[in-house]
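Colleague: The listed protein sequences derive, respectively, from chains C and G.
Residues in the first sequence are numbered from 1 upward in steps of one, following my numbering.
Residues in the second sequence are numbered from 1 upward in steps of one, following my numbering.
If you're looking for bench data, these hints aren't it; they were derived computationally from the structure.
Using N, Cα and C, we set each Cβ at its ideal position, and we do this for glycine too.
Some clues are possibly wrong.
[What the hints assert, rightly or not] Okay, derived cross-link-like pairs now, DSBU-like style, lysine-lysine, Cα gap no bigger than 35 Å in a straight line:
#, chain 1, residue 1, chain 2, residue 2
1, C, 93, C, 200
2, G, 109, C, 255
3, C, 93, C, 189
4, C, 255, C, 189
5, C, 200, C, 189
6, G, 109, C, 200
[To be verified] These stretches of chain G come out as covered by chain C in the derived footprint (C-beta under 8 Å, 3 or more residues):
#, region
7, 10-17
8, 30-37
9, 172-179
10, 185-194
11, 197-205
[Said to hold, decoys possible] Partial pick of chain G residues on the chain C-facing surface, computed with a CB cut under 7 Å:
#, residue
12, 22
13, 26
14, 46
15, 49
16, 106
17, 138
18, 142
19, 182
20, 245
21, 248
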Amino acid sequence: MMRYLRLYRQFLSFSFSRSLEYRLDFWFRIVMDCMFYAVEIAFFMVIYRHTELLGDWTFDQTFVFVCGFLLVDAIHMTVFSNNMWWLPIYVNKGDLDYYLVRPVSSLFFLSLRDFAANSFLNLIIASGLLTWALLRYPEPIPASNLLWYLFLLLNGAILHYTMQMFFLIPVFWLHSNRGLTNAFFSTTKLGERPDKIYSKWTRRVLLFVFPLLLMVAIPARVLFEGPSLSMIGMTLGISGLFFLLMVGFWNFALKHYSSASS
Amino acid sequence: MNPALFLHLMSIESRRLLSYRVDFWLTMVVSLIVQVIVVWALWTAVFAESGRDIVGGWDLHGILAYGIFVFLMGRIVRGGDLQMEVATEIYDGSLSRYLIYPCNYGLTKYAQQLGNIFPDILQSFLMALIVLPFMGTSTTVDLNFTGILMSLPSLLCAHLLFYIMGLIPQMVAFWADNVWSLSVMMRMVTMLLGGGALPLSLFPEPLQTLLAWMPFRYLFEFPTLVLLGKVGLEEWITGLAICLAWCVVFLLLTIPVWRRGTLRYTGVGI
Numbered sequence: 001m002m003r004y005l006r007l008y009r010q011f012l013s014f015s016f017s018r019s020l021e022y023r024l025d026f027w028f029r030i031v032m033d034c035m036f037y038a039v040e041i042a043f044f045m046v047i048y049r050h051t052e053l054l055g056d057w058t059f060d061q062t063f064v065f066v067c068g069f070l071l072v073d074a075i076h077m078t079v080f081s082n083n084m085w086w087l088p089i090y091v092n093k094g095d096l097d098y099y100l101v102r103p104v105s106s107l108f109f110l111s112l113r114d115f116a117a118n119s120f121l122n123l124i125i126a127s128g129l130l131t132w133a134l135l136r137y138p139e140p141i142p143a144s145n146l147l148w149y150l151f152l153l154l155n156g157a158i159l160h161y162t163m164q165m166f167f168l169i170p171v172f173w174l175h176s177n178r179g180l181t182n183a184f185f186s187t188t189k190l191g192e193r194p195d196k197i198y199s200k201w202t203r204r205v206l207l208f209v210f211p212l213l214l215m216v217a218i219p220a221r222v223l224f225e226g227p228s229l230s231m232i233g234m235t236l237g238i239s240g241l242f243f244l245l246m247v248g249f250w251n252f253a254l255k256h257y258s259s260a261s262s
Numbered sequence: 001m002n003p004a005l006f007l008h009l010m011s012i013e014s015r016r017l018l019s020y021r022v023d024f025w026l027t028m029v030v031s032l033i034v035q036v037i038v039v040w041a042l043w044t045a046v047f048a049e050s051g052r053d054i055v056g057g058w059d060l061h062g063i064l065a066y067g068i069f070v071f072l073m074g075r076i077v078r079g080g081d082l083q084m085e086v087a088t089e090i091y092d093g094s095l096s097r098y099l100i101y102p103c104n105y106g107l108t109k110y111a112q113q114l115g116n117i118f119p120d121i122l123q124s125f126l127m128a129l130i131v132l133p134f135m136g137t138s139t140t141v142d143l144n145f146t147g148i149l150m151s152l153p154s155l156l157c158a159h160l161l162f163y164i165m166g167l168i169p170q171m172v173a174f175w176a177d178n179v180w181s182l183s184v185m186m187r188m189v190t191m192l193l194g195g196g197a198l199p200l201s202l203f204p205e206p207l208q209t210l211l212a213w214m215p216f217r218y219l220f221e222f223p224t225l226v227l228l229g230k231v232g233l234e235e236w237i238t239g240l241a242i243c244l245a246w247c248v249v250f251l252l253l254t255i256p257v258w259r260r261g262t263l264r265y266t267g268v269g270i
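Chain G extracted, bound-state conformation (with noise of 0.2 Å):
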């Protein structure tokens, strides 16, 4: 695809997004104070209640770190409103228009996928700059410059896998009429095994050494866990390697479902 034509459409993705501001901002506003009010309460229980400093290698104030932090790169990660795009357009008929198109829908609806998480980064970039005063000083994380330049091609590449992750739950449109169940379902675990709602250092160790080997850490936790100084260089490339390399098993898989599944198109919608 044209470079131009990329950009344009992402450009296009970004103004649609902020054209509804108030429920832009609404959205993030509302989200934010009850994550902050939901995590705080939890985890001072949870200190209080055990009596002990340290939590799955975490202290107070670092877990609390995390848990906004995963929050707000969490939201970027997923892509906001567009998740069930792909899903709509073959069930609505309006997948047509871009068979017709000269141009990969795959990447056409990247573009868009980016263009709707580019307000987001803004968004929560600001929010945390809001939130960063009133966190205090931990000695488990370290949030210094290098790790937020890091998390960002991080933050790319997570993007990048659960927009193909996303894929062929919404593929299934081919067959089923309705299969928003299954991005919901998606969305549910990769939150719970990606690290979403937890740090997976609190996990069971046989889990932790599972969730190793599968792809879902690089979603959520990865991202933040470089972002809070957790993630040396060395083992940042890795990950990053590790993450690409699951964006193209992914993208194998969604390969002959596409195919299958264009072959099976009608094209009618509803």
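This is chain C alone, in the form it adopts within the complex (with noise of 0.2 Å):
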């Protein structure tokens, strides 16, 4: 474990090292996620000017819903997204190779290896704005709720990632994986939205087959509700199997890598 903490630390000193030579770079991507932000928030403030509830939720609530899912998305925009665009590339060219032979986990390091340092200014802006959120919020929020709700948003940014991985390990066989890359990012938007608007069917399958409410949503229903066994005792079951899963597709894929050209 201790091995594993003292490589993400280099990780982290090489990532901010190398961001620091496009800095032109690192602030447009800075405000294009600002900019990111501000849509996000913008149609919401839109929606509710027509309506008091959406989904059961007043503005505040639904605020907070939406911070919660720019802090999620900006962990996962710092932690795990370059290194999902880079992991096909590496597939097709082969150069997978040099990460098979480390004595490493190779899912560890080419889900962790590059940090977007740039992106790392996002997260805390994005944590602002929740705290922000949650401080505008009208109703008392009890300790426990909130040490909950922020350890199911962790939670979500990791489902984040092992859900987008079932949609890129494919590439060991497709060679091309846009068509699954854009699919995914299209269904993301099924779980910016409050949970309740969806008819029963489709949210059920949103929690239990493609668990995209489980990642903002209900952790949101933990803060207004309270904790209950039953609802993170899900969210943690199907985030645990779906990760395991994962780990699964990935083992099987590698035995299916042939190097090079692959």
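If you follow the hints, you should be able to join the two separate chains into one complex; please do so.
Modeller: Here you go:
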């Protein structure tokens, strides 16, 4: 475990040095993410001009939900996103060989190697937005609700990574996974809306089959309605199951990897 | 540029896009299903919880039709895979070969963009035919043959405007290494302010007045409103003229950036 932590510290140090080489891009990316945050919040502000409630939630609740989503997205952009971008390229070019021969888990190395230092500032901004949303929330929030909420958001970021890996791993067989990657980014839109707007069956699919609602919407319910064993158990159980399935899928794919131009 | 060459470039690009058929269809089908689910769930909830029959000049079926058609139109307007082509060619040095060709670089890229959108138009048309029977009747939209015919020139003008607007952020690549963030930013802003995410009639009045003076609404909202029969003939002609005027404005802004950029361009690539 300590060896992996030391390795991750090296990843961080290397990523920060490299990102400062491209200073203009560093700032462009920060502005881009801020623009994304503004667009997401503006979308719901416009919607709430025409209704008091959306999926049982008031604007204050939806604002917390949206900021939670922005935080999960910022964690993903900072920790995983660059690595997800490079993975299909490594597989197609055969560069994966260099990572398979290292004495550490290839999944760990390839998923966490490139820390997006420029998005790290956005992670701070997204955290600030969530803090603001929580502070302006008119009802008192018990500490236990808040702690579970933050923990489940972190779990949501890992679930986001897990789900994306399911769409990336087929590159071992398909060569081009652009269609699958586009499909993944389209589907994540389903998790950006309050869960109660969906019909019963759509909601079930989005909870158990393709659990996008577990990333942000269910953690927000835990915050507003209090932690319940069923909600927390379901979220952690399904997330854990999907993670194990993803690791199994990764190992299965590695067995079919035939190196360069596979 | 020779029209035959222009058509040839379009044809090559269309065939290139169709060479990855699984990607082409998968992206469309999944995105459309998600869009239908999200639009249906969102607007059903808004109408149910507000208790109103009309929101921002739309009834439920009307706004659902808007949500689906603006998505199909938006894909065409944005022009698919080539949104970062100019920046990539500047960055990796492959622009050099175009500079020595005896044809205009902007027109070459535009021909490729047009070739890229024709398969999208056919695909969107097919998807619209599949979705249409499931749409309910609306009192606020009038989908008819005239609207479909009028929407085609509006769509092509919108695409031209999006292409020209996208050139300046891409040409920043003459000065910076990586500019994809600028193109993504442009896409996000135009989607919201151009009506790609929501009809602009839902926005606050002062913002609607401001947006009427800006080019964004001609990208997504205008062609969709034309298709849905919400734009009269006179307004349509005025809209097309304003859209083309914005194309000229952005083209005039692009020329000096291109000239300064090419002076700086070393052609080394990565």
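Colleague: Confirm or reject each hint.
Modeller: Quick rundown of the hints versus the structure:
no. : hint          : result
1   : 93/C / 200/C  : violated, 44 Å
2   : 109/G / 255/C : violated, 42 Å
3   : 93/C / 189/C  : holds, 31 Å
4   : 255/C / 189/C : holds, 33 Å
5   : 200/C / 189/C : holds, 18 Å
6   : 109/G / 200/C : violated, 47 Å
7   : 10-17         : violated (count 0)
8   : 30-37         : holds (count 5)
9   : 172-179       : holds (count 5)
10  : 185-194       : holds (count 5)
11  : 197-205       : holds (count 5)
12  : 22            : holds, 6 Å
13  : 26            : holds, 4 Å
14  : 46            : holds, 5 Å
15  : 49            : holds, 5 Å
16  : 106           : violated, 24 Å
17  : 138           : violated, 17 Å
18  : 142           : violated, 23 Å
19  : 182           : holds, 6 Å
20  : 245           : violated, 26 Å
21  : 248           : violated, 27 Å
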